[in-house]
Amino acid sequence: MSEPKSRREVFLKLGFGAGVAALGAQAVASLRSLVPNVSYDAPTTVKLGMPLDFPDGMKFLPDERLFVFREGKTFHAVSAVCTHLGCTVRAEALSQPVTKTVRGVPLRMTHRFLCPCHGSKYEGDGTNVAGPAPKPLTWYFLSLAPDDGQLVVDLALPVGQDFRFTLV
Amino acid sequence: MEKRTDSPYPKIDRPVLAAVGVLLVISCALFAWSDRKHDWRYYQAEFKRRVADKLGSEKAKQVRPGLQQIWVADLKRADRCITCHQAALWRGFETDEEPLRTHSPAPFKNHPVEKYGCTSCHGGQGYAVDAAEAHGPIEHWEEPVLGKTLGEAYSLVDDKSAAMQMNCNICHRYDRETKGADAINLGKKLVVEKGCRACHVVNGRGGTIGPDLTFVGEKAAEQYEYGRLSGQKTSFAWHVAHFKDPRALVPDTVMPNFHFSTKEAQALSMLVLSWKKAPAPADYRPGTPRTDPQTQAEVEAEQRMKTGPGAWFVKTGCFVCHSIQALGVKSPAQIGPDLSNAVEDVQSRFGRTLDDFLREPTGTMSVVLSRQIVLSPEEKAVAIGKLREAFAEYQKQKAEEAKGRRPATSVSSSH
Amino acid sequence: MSSTSKAPATSGKDTPLEAPGVHAKPLWSVKPASDREAGDAVVSNFLLHWFPAKTYKPSLDWNYSFWLGTASAALLLLLTVSGLPLLFLYVPSVERAYGSVKDIEYVITFGFWIRAVHRLAAHLMVAVVFLHMVRVFLTGAYKNGRGQGQKREWNWVLGVGLLLSTLLLSFTGYLLPWDQLAYWAITVGTNIASSVPFVGPTIRELLLGGRAIDQATLIRFYVLHVIALPAAIGVLFLYHMWRVRKDGGLARADGAMLLPEKAAEAPSKTKTYTLLGVARGTSPAVKASTLERPETTVNSIPDLTRRIAIVVLGIFAVVSIASVFYHAPLEEPANALVTPNPAKAPWYFLWLQEIVTDTTVKIGSFTINGAFLGGVLLPGALVLLMTVWPWLDKSAPGSAGVWFPNDRRTQNIVFLLFVAFVLVLTFIGTFCRGPYWHLYWPWEAWPELPTRI
Chain A
1 MSEPKSRREV FLKLGFGAGV AALGAQAVAS LRSLVPNVSY DAPTTVKLGM PLDFPDGMKF
61 LPDERLFVFR EGKTFHAVSA VCTHLGCTVR AEALSQPVTK TVRGVPLRMT HRFLCPCHGS
121 KYEGDGTNVA GPAPKPLTWY FLSLAPDDGQ LVVDLALPVG QDFRFTLV
Chain B
1 MEKRTDSPYP KIDRPVLAAV GVLLVISCAL FAWSDRKHDW RYYQAEFKRR VADKLGSEKA
61 KQVRPGLQQI WVADLKRADR CITCHQAALW RGFETDEEPL RTHSPAPFKN HPVEKYGCTS
121 CHGGQGYAVD AAEAHGPIEH WEEPVLGKTL GEAYSLVDDK SAAMQMNCNI CHRYDRETKG
181 ADAINLGKKL VVEKGCRACH VVNGRGGTIG PDLTFVGEKA AEQYEYGRLS GQKTSFAWHV
241 AHFKDPRALV PDTVMPNFHF STKEAQALSM LVLSWKKAPA PADYRPGTPR TDPQTQAEVE
301 AEQRMKTGPG AWFVKTGCFV CHSIQALGVK SPAQIGPDLS NAVEDVQSRF GRTLDDFLRE
361 PTGTMSVVLS RQIVLSPEEK AVAIGKLREA FAEYQKQKAE EAKGRRPATS VSSSH
Chain C
1 MSSTSKAPAT SGKDTPLEAP GVHAKPLWSV KPASDREAGD AVVSNFLLHW FPAKTYKPSL
61 DWNYSFWLGT ASAALLLLLT VSGLPLLFLY VPSVERAYGS VKDIEYVITF GFWIRAVHRL
121 AAHLMVAVVF LHMVRVFLTG AYKNGRGQGQ KREWNWVLGV GLLLSTLLLS FTGYLLPWDQ
181 LAYWAITVGT NIASSVPFVG PTIRELLLGG RAIDQATLIR FYVLHVIALP AAIGVLFLYH
241 MWRVRKDGGL ARADGAMLLP EKAAEAPSKT KTYTLLGVAR GTSPAVKAST LERPETTVNS
301 IPDLTRRIAI VVLGIFAVVS IASVFYHAPL EEPANALVTP NPAKAPWYFL WLQEIVTDTT
361 VKIGSFTING AFLGGVLLPG ALVLLMTVWP WLDKSAPGSA GVWFPNDRRT QNIVFLLFVA
421 FVLVLTFIGT FCRGPYWHLY WPWEAWPELP TRI
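One line per chain: the protein sequences are A, B and C, in this order.
Position 6 (the first sequence) corresponds to 6 in this note's numbering; numbering is contiguous.
Position 224 (the second sequence) corresponds to 224 in this note's numbering; numbering is contiguous.
Position 98 (the third sequence) corresponds to 98 in this note's numbering; numbering is contiguous.
Please keep in mind that the hints were generated in silico from the structure rather than gathered at the bench.
Relax, there's no trap hidden among the hints.
Quick list of simulated restraints, FRET-style, between CB atoms: (1) C:Thr-367 <-> B:Ala-19: 57 to 63 Å; (2) C:Ala-336 <-> A:Lys-47: 18 to 24 Å; (3) A:Pro-62 <-> B:Gln-334: 50 to 56 Å; (4) C:Trp-441 <-> B:Arg-228: 24 to 30 Å.
Cross-link-like lysine to aspartate or glutamate pairs, in silico, EDC-like; alpha carbons within 16 Å at most: (5) A:Lys-73 <-> A:Asp-56; (6) A:Lys-59 <-> B:Glu-218; (7) B:Lys-194 <-> B:Asp-245; (8) B:Lys-11 <-> C:Asp-61; (9) B:Lys-148 <-> B:Asp-158; (10) C:Lys-344 <-> C:Glu-332; (11) C:Lys-344 <-> C:Glu-331; (12) B:Lys-277 <-> A:Asp-63; (13) B:Lys-48 <-> B:Glu-97; (14) C:Lys-151 <-> C:Asp-393; (15) A:Lys-59 <-> B:Asp-212; (16) A:Lys-59 <-> B:Glu-225; (17) A:Lys-135 <-> C:Asp-358; (18) B:Lys-160 <-> B:Asp-182; (19) B:Lys-148 <-> B:Glu-98; (20) B:Lys-76 <-> C:Glu-95; (21) A:Lys-100 <-> A:Asp-162; (22) A:Lys-121 <-> C:Asp-358; (23) A:Lys-59 <-> B:Glu-222; (24) B:Lys-76 <-> C:Asp-103; (25) B:Lys-277 <-> B:Asp-212; (26) C:Lys-31 <-> B:Asp-13; (27) B:Lys-276 <-> B:Glu-143; (28) B:Lys-148 <-> B:Asp-159; (29) B:Lys-330 <-> B:Glu-300; (30) B:Lys-233 <-> C:Glu-448; (31) A:Lys-59 <-> A:Glu-71; (32) B:Lys-179 <-> B:Asp-159; (33) B:Lys-276 <-> B:Glu-218; (34) A:Lys-47 <-> A:Asp-154; (35) B:Lys-276 <-> A:Asp-63; (36) A:Lys-100 <-> A:Glu-123.
For glycine and all other residues, C-beta sits at the position ideal for the given N, C-alpha and C.
Next comes chain A alone, as it looks inside the complex (with noise of 0.2 Å):
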């Protein structure tokens, strides 16, 4: 008599587990639904413009949030975005042009930049050195696109500050 008991109190357990798992599986899927799947970002990789076009010396790209540096041939890639909390940090012109030794490359630093959301401060090379900024400025690679020549920025791929893209 216990036998077809305890069997029944199983399959009793069973439909109740079944029914509340089968409960939480639809609340689950339903929160799933808020989980994106893709993101309406911008591309990362964006053609800039010819490199010859660039002023010698700093400029800022709003869309991109990206400075981009060109002495004669060599270009490189700062991003302009705050690594404290993501706020656009501006440029200030130094009044004198400071060359810096970074990573065994020199680096001729004609800015430094401010944070206006929590007072970070940057170097010419990015390098943090005051306020919460928790590390240096991204740099981003730069190369050349192989359809038209322009520049091409990843912003993807961060690279070391010893990363300088020169024209040939």
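Given chain A's structure and the hints, the job is docking chains B and C onto it.
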């Protein structure tokens, strides 16, 4: 048992509650007042009075009461300016003072207010209904009305209301010259004279020594370097100072000092600030092509048809459907038959003479000749005459072709 | 007191209706003629049902609770009521949100006033809820006193939930106008979330509905602001009130226990209606001895209800009047290309922004982002500490519901120092921070910020 426990606080609480009630009543009075106090109510009443005085009380009834708005869906502009400036769209108040003055009618001819609103030209804040907020600048709406007040603040030379031309040139940037935009025209003249394009890209064309200026009007105000600029810290002031002496603001610049006068520097500053990305629909921008461009060959062919022996058929529009090979007319559509041999073709198709058919056409031609191409009897006579000429030419060509075919083919086959 | 000497006036008339469950005035009794009638009103009226028939007299003192809880509830009510018309007027779309708020400001009749009421009430509610928490802490009102079956510590936990809901509601509402303030508040706020190790970026993506701040973000914050969080705060609020009743009213009401027992008082019919007693789980007869004695209690109607009316209507009146003169700010339309300078969080988050500014720690070459330390760890630890504090507080039950009792002196001083710390940082953030987050005196002029024209 049925006792009533009294409050320990009745003496204070009741009058306090009463006072709260009074405050509530006061608050109602206050927000009702705050809605009534707007200046536009005064201006509307005053305008209505003036309309009644000048044009009679019957006209005064047409003065619309309440908030007024021009909504331009194309430009996403909701301009409430006419709530106070009602007179702008009326006639007869040319000599009154603002905001009760008639707008000069000339700009409306090409810029109807229902298509452009007010702020696309005048600037300011179209959302607002009070003068201070609408005319600006106020905190958080830094673009003021581009009018005399601004011009005086900048001590613009000659025309104090020239600042508005900046907005004209957002659409008119590719014009060589824009009527009524003298300052901008001066700026454009200087761009050509001084050869700005030697170093700068202007409107998509020019050198690359200096920065690309195509959309320099979009540059945010705080992106300029104000360290060496005294006085107002605005993009406009920066450009004026920079045009007058580039090296004073940017010491290591290679831009030469052109020794611009104040007027020229101001004109150029307005010009460069007008170089903005204008997200206006195509039909708002002058110079936008509305047709496919024709090739040179197509243009020449059309010109030949217009001056050749078939010109009459081109002028009347017959050529839309009919070619007349014999007269050098080629229809772009060629819906109908070639009219070169119309004289015999009509006979064979309809069993009627050409004269008869044209006098009383049937089928498609009856519709075309009664609605689209209405010809007088005299014109029909001309048509018949010309078609006879065409037929004569057709027969001549055919005869020549028959004659020339044999030698021609022999020549080609010999090669 | 004097009540005993006063003869009941109209008792005779009610006689035919005196059967249990039959109530002479089913809806309202603004001026009850007797204690019986006062109790009846509470039992039979839906709105009054959450009050006890009788209230411990000192609980009503202005200078004990400052009525901050009632004030919070009044502001919540005002926010709900003023939010309803805004729900019809505001358009949660990136293209139209800003324009619809401009419409509310400029062309909708009384629109600016409704928006100002909503804005002002929201600011006030954050402040009042915070002060309410301070009061509850200082009086040790989260402590279980002498009553039976009390679980006041859990009501404190609910209160922490209510404080957080209030802050979140305020923050989500901040974003809806889609102006510069909104856009950069989302940027900063969600970047704080993404500074959490490992799961941070995923959290940020969930909040934004993608990796970019766009329509998906606006609709998420909109739904949170108008449905999810109001529902949460509504449930928590009702639960909070229910617990107040279950725990025997304000902590101060425990003081009634300290009164000398009065020996024999004949049980009276009113006891049937003393819900307070029922709720406390003791038999009506026991409890009635102190809590129902005329010298310690008053009728909830009208003495409690009148004071509630004063607080609620008073707040309505003050906010309403102030809103005529206060203009809710609206900045430039959101612009992803320009960060405003300075970019400030709402004032009640400025102490956090100050901390976030100062807490990037460098240990050798290893750096801990201030955003994580100051924006996540520190507030998280504070909330956790606050939540469990009632279990850490080992002071005697007698110090519940008393201002500055001796055996809670140390923790009160530490708590007050912390409150002062928060207030000072808030003050600095609000009044002393200028462009580039530089320090300026409040009376010092900021350097001129450039404009276009």
